[in-house]
Amino acid sequence: MFRELESCYFIAEAASNHGGHLDTAREMVKDYAKAGANAVKFQAWHIDDFYHKSSPDYEKMKALEIKEDWLPVLYQDCLDNGVDFLCTPFDLRYVVLLAELKVKAIKVASGDLAYYPLLAKINQTRLPVLLSTGIANIDKIYAALRYLEDSPEVVLMHCVAAYPAPDNDANLRCLTTLGHYFPGRLLGLSDHWEGIEASMAAYVLGAKVIEKHVLGRQQVGSYRPGELSPSEFSKLVQEIALLEKLLGKPEKRVAASEYPALLTGQRGLYAARDIKQREKISTDKDIRFLRPAINKSTHFHCGEGLKTPAEFKALSDITEGAPLTTANIVPAPPKLRQVREVVI
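Just so we're aligned, residue 1 is where the sequence shown starts under the working numbering, counting upward by one.
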């Protein structure tokens with residue numbers, strides 16, 4: 001799924017910002033599909049398989065449960081809006097339900113990187129996995145991957161499991177480290193930072209999947225650090241699209257926009273004095289190197305071969321200031337290129 005990507009893959013992480021309301025979750029699918037997301041992702045749990053009843057967060061998290069019958073509704077909404085439905089399961093039952101739904105991938109939260117029964121269950125689905133790597137070192141990631149050997153691809157998502165994460169803990173260069181220790185693995189970022197700069201930097205460093213937490217409509221306008229509104233998410237997509245364009249391809253070539261400079265931006269060879277037919281011409285005293293190389297394919301222009309003087313002969317009388325071309329000099333100076341010979 002992810003290996004065939006030509007562009008960055010954007011995940012709008014709705015998480016539990018639906019507030020326990022299906023209508024809000026459905027609105028989020030529409031809003032972030034319009035904003036340019038490739039996928040809208042939710043989080044699913046059965047509270048008694050997730051939190052102990054004595055936890056102070058038990059009641060709050062219980063109120064934010066996604067109901068099982070929401071899954072096909074949200075899946076279809078995503079399909080209708082042209083985005084993928086993704087989900088982070090926090091218990092084994094939801095892994096089964098997501099596999100039955102035939103989701104394209106399953107996300108593993110940083111906190112469950114060492115929840116090996118969950119990883120083993122996900123491995124049985126043989127689905128692609130997005131593996132968040134917060135609260136982990138390299139050894140812990142290796143251990144998790146051993147439980148996901150049957151997954152066709154595991155995307156390693158750099159993450160700092162703080163919300164919002166401090167800038168000085170970002171360590172985005174860790175993406176390079178992950179690429180070193182896990183060659184061939186696709187990389188991504190689960191962005192817990194304010195703004196969009198971390199995602200942009202991560203893309204430049206090799207992240208092909210960007211996940212960013214997003215707001216429900218009722219939350220837009222409130223201060224929720226690290227989460228984006230639809231308009232902010234759209235800006236993220238646009239800025240990374242610009243980065244994609246600017247980064248281009250890793251090959252050095254003459255760009256199409258440079259074609260005019262092949263003539264106007266390079267120096268042509270011109271006679272520094274009146275020259276008689278058959279007279280020898282020396283590059284160190286008889287030639288001037290001036291812009292432009294005129295718009296004739298026969299006009300010689302400067303090349304790397306003029307580090308030392310070269311001599312050649314006039315085929316005809318040449319007046320001072322005239323361009324030197326294949327019609328009036330021979331032989332061509334060593335390593336000089338004609339305009340028509342420049343490799344594009």
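Treat the hints as calculated values from the structure; they're not laboratory data.
A quick note: this is a predicted structure, and the numbers were derived from the prediction, not measured.
Just so you know, even glycine gets a beta-carbon here, dropped at the ideal spot from N, CA and C.
Treat the hints with care, as some may be off.
If you anchor each label on the Cβ, the simulated ranges turn out as follows [to be verified]:
#, residue 1, residue 2, range
1, G19, K252, 47 to 55 angstroms
2, F182, S54, 32 to 40 angstroms
3, T176, L92, 16 to 24 angstroms
4, V220, I138, 33 to 41 angstroms
5, K252, H46, 28 to 36 angstroms
6, P56, K252, 17 to 25 angstroms
7, Y181, R126, 37 to 45 angstroms
8, S257, N137, 23 to 31 angstroms
9, Q219, E197, 27 to 35 angstroms
10, A143, E100, 27 to 35 angstroms
Cross-link-like lysine-lysine pairs, in silico, BS3-like; alpha carbons within 27 angstroms at most [to be verified]:
#, residue 1, residue 2
11, K60, K30
12, K30, K53
13, K104, K34
Taking the hints in turn, this is what the structure says about them:
1. For G19 paired with K252, a C-beta distance near 52 angstroms keeps the hint of 47 to 55 angstroms intact.
2. A hinted range of 32 to 40 angstroms holds for the C-beta pair F182 and S54, which are about 38 angstroms apart.
3. Checked against the given bound of 16 to 24 angstroms, the beta carbons of T176 and L92, roughly 35 angstroms apart, lie outside it.
4. Checked against the hint of 33 to 41 angstroms, the C-beta distance between V220 and I138 comes to roughly 39 angstroms, which is consistent with it.
5. For K252 paired with H46, a C-beta distance near 56 angstroms fails the hint of 28 to 36 angstroms.
6. The hint said 17 to 25 angstroms for the Cβ distance between P56 and K252, and at roughly 59 angstroms that hint is violated.
7. Between Y181 and R126, the C-beta spacing of about 24 angstroms breaks the proposed range 37 to 45 angstroms.
8. As the Cβ distance of S257 to N137 is approximately 46 angstroms, the hint placing it in 23 to 31 angstroms is violated.
9. The hint said 27 to 35 angstroms for the Cβ distance between Q219 and E197, and at roughly 22 angstroms that hint is violated.
10. Here the CB-CB span from A143 to E100 is close to 28 angstroms, well matched to the stated 27 to 35 angstroms.
11. Annotation: proposed proximity of K60 to K30 holds, straight-line Cα distance about 26 angstroms (limit 27 angstroms).
12. Between K30 and K53 the alpha-carbon distance is near 35 angstroms, which puts this suggested pair outside the 27 angstroms criterion.
13. Restraint check: the Cα-Cα separation between K104 and K34 comes to about 20 angstroms, which is no more than 27 angstroms; the hinted pair holds.
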